[in-house]
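Take the sequences, apply the hints, and build the full model.
Residue numbers (our numbering): 40 to 273.
Treat the hints as calculated values from the structure; they're not laboratory data.
Incorrect hints may appear among the rest.
16 Å max Cα-Cα, derived EDC-like pairs, lysine to aspartate or glutamate [said to hold, decoys possible]:
#, residue 1, residue 2
1, Lys-126, Asp-107
2, Lys-86, Glu-123
3, Lys-86, Asp-132
4, Lys-126, Glu-103
5, Lys-85, Asp-107
6, Lys-238, Asp-68
7, Lys-178, Asp-68
Beta-carbon label-pair distances, calculated as ranges [as the list claims (entries may be wrong)]:
#, residue 1, residue 2, range
8, Asp-226, Ser-249, 16 to 24 Å
9, Asp-226, Leu-194, 19 to 27 Å
10, Asp-77, Asp-140, 26 to 34 Å
11, Pro-145, Asp-261, 30 to 38 Å
12, Ala-128, Glu-210, 30 to 38 Å
13, Asp-261, Leu-194, 15 to 23 Å
14, Glu-210, Pro-240, 32 to 40 Å
Beta carbons are placed, not taken as given, at the ideal position from N, Cα and C, and that holds for glycine.
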Amino acid sequence: MKGQEWYQADTVAEEYESKRFSRGGRLIDRREKQAVLDAIGPVDEKKVLEVACGTGRFTVMLAERGADITGLDISGPMLQQGREKAKAADVDDRVEFMRGDAARLPFPDNHFDTVLAMRFFHLADTPAAFLAEMRRVAKEQVFFDTFNRFSTRSLYNWALPMGSRLYSRWEIDRLLDGAGLELAEEDHDWVLPYGFYRKMPNELAASIRSIDTAIGGTPLGDKLASVSYWNTHV
Numbered sequence: 040m041k042g043q044e045w046y047q048a049d050t051v052a053e054e055y056e057s058k059r060f061s062r063g064g065r066l067i068d069r070r071e072k073q074a075v076l077d078a079i080g081p082v083d084e085k086k087v088l089e090v091a092c093g094t095g096r097f098t099v100m101l102a103e104r105g106a107d108i109t110g111l112d113i114s115g116p117m118l119q120q121g122r123e124k125a126k127a128a129d130v131d132d133r134v135e136f137m138r139g140d141a142a143r144l145p146f147p148d149n150h151f152d153t154v155l156a157m158r159f160f161h162l163a164d165t166p167a168a169f170l171a172e173m174r175r176v177a178k179e180q181v182f183f184d185t186f187n188r189f190s191t192r193s194l195y196n197w198a199l200p201m202g203s204r205l206y207s208r209w210e211i212d213r214l215l216d217g218a219g220l221e222l223a224e225e226d227h228d229w230v231l232p233y234g235f236y237r238k239m240p241n242e243l244a245a246s247i248r249s250i251d252t253a254i255g256g257t258p259l260g261d262k263l264a265s266v267s268y269w270n271t272h273v
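Structure representation (structure tokens):
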């Protein structure tokens, strides 16, 4: 995985959300959470695994809606942030945070109803192996997002300290075929890459987001989108 040492630092975990989801980043947080909820649907009593759960943004959100959820991540400090968040939300009895390797998930086959991974595949050095593991432990559904190769993200990518793995549609189709997953739904968004929104005050970001959404609603929207959400069935 790209940037493992950086990602596992205590200071990174402590500042992770404040740097990415304050100011204009709040728009990103809301959109990502809605994408997860739209794909998974009612989660009450569902058994869910979140791979690369980080500080537990989605883990805690789904637990609050009744999911029985496990959050797995390679970073101990990130997991500690998630535990504190779950306790503050009074859902720590519905959440288990585990440190582990996404390439070797410590669960039996078909163990979870749904497996999801957000903000993960852009750092994956062996995406086929990771997706195969997610498919192995999923009984019904695998949901994940990617950054798109032929988009503004490719222009922004050079400025990032770790870069990102970008995916073409052909690469996604090949990954799904290799993992034995069937694409049920796809959604594409964000003509401008995330980094632009994080630098803006929330009010300005909201105005630019309106323009971004309008462009996304045109026939060219899907082709220009920098982010894709993939809802697949086993």
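Tested hints:
1. Our distance criterion of 16 Å between C-alpha atoms is met by Lys-126 and Asp-107, whose separation comes to about 15 Å.
2. Only pairs whose Cα atoms come within 16 Å are accepted, and Lys-86 paired with Glu-123 is rejected, the gap being roughly 21 Å.
3. A threshold of 16 Å between alpha carbons decides the hint, and for Lys-86 with Asp-132 the separation of about 14 Å falls inside it, so the pair holds.
4. Restraint check: the Cα-Cα separation between Lys-126 and Glu-103 comes to about 11 Å, which is no more than 16 Å; the hinted pair holds.
5. Note on Lys-85 and Asp-107: the hinted pairing holds, with a Cα-Cα distance of about 6 Å set against a maximum of 16 Å.
6. Restraint check for Lys-238 and Asp-68: the C-alpha separation of about 14 Å stays at or below 16 Å, so the hint holds.
7. A threshold of 16 Å between alpha carbons decides the hint, and for Lys-178 with Asp-68 the separation of about 27 Å lies outside it, so the pair is violated.
8. For Asp-226 and Ser-249, the hinted distance range of 16 to 24 Å is satisfied, since their beta carbons lie about 18 Å from each other.
9. A C-beta distance of roughly 22 Å is found between Asp-226 and Leu-194, which places it inside the suggested range of 19 to 27 Å.
10. At about 29 Å, the CB distance of Asp-77 to Asp-140 agrees with the hint of 26 to 34 Å.
11. The hinted range of 30 to 38 Å is satisfied by Pro-145 and Asp-261, whose Cβ atoms lie roughly 37 Å apart.
12. Checked against the given bound of 30 to 38 Å, the beta carbons of Ala-128 and Glu-210, roughly 37 Å apart, stay inside it.
13. Checked against the hint of 15 to 23 Å, the C-beta distance between Asp-261 and Leu-194 comes to roughly 18 Å, which is consistent with it.
14. Our hint of 32 to 40 Å for Glu-210 and Pro-240 holds, since their Cβ atoms are close to 36 Å apart.
The structure fails hints 2 and 7 (numbered hints given earlier, in ascending order).
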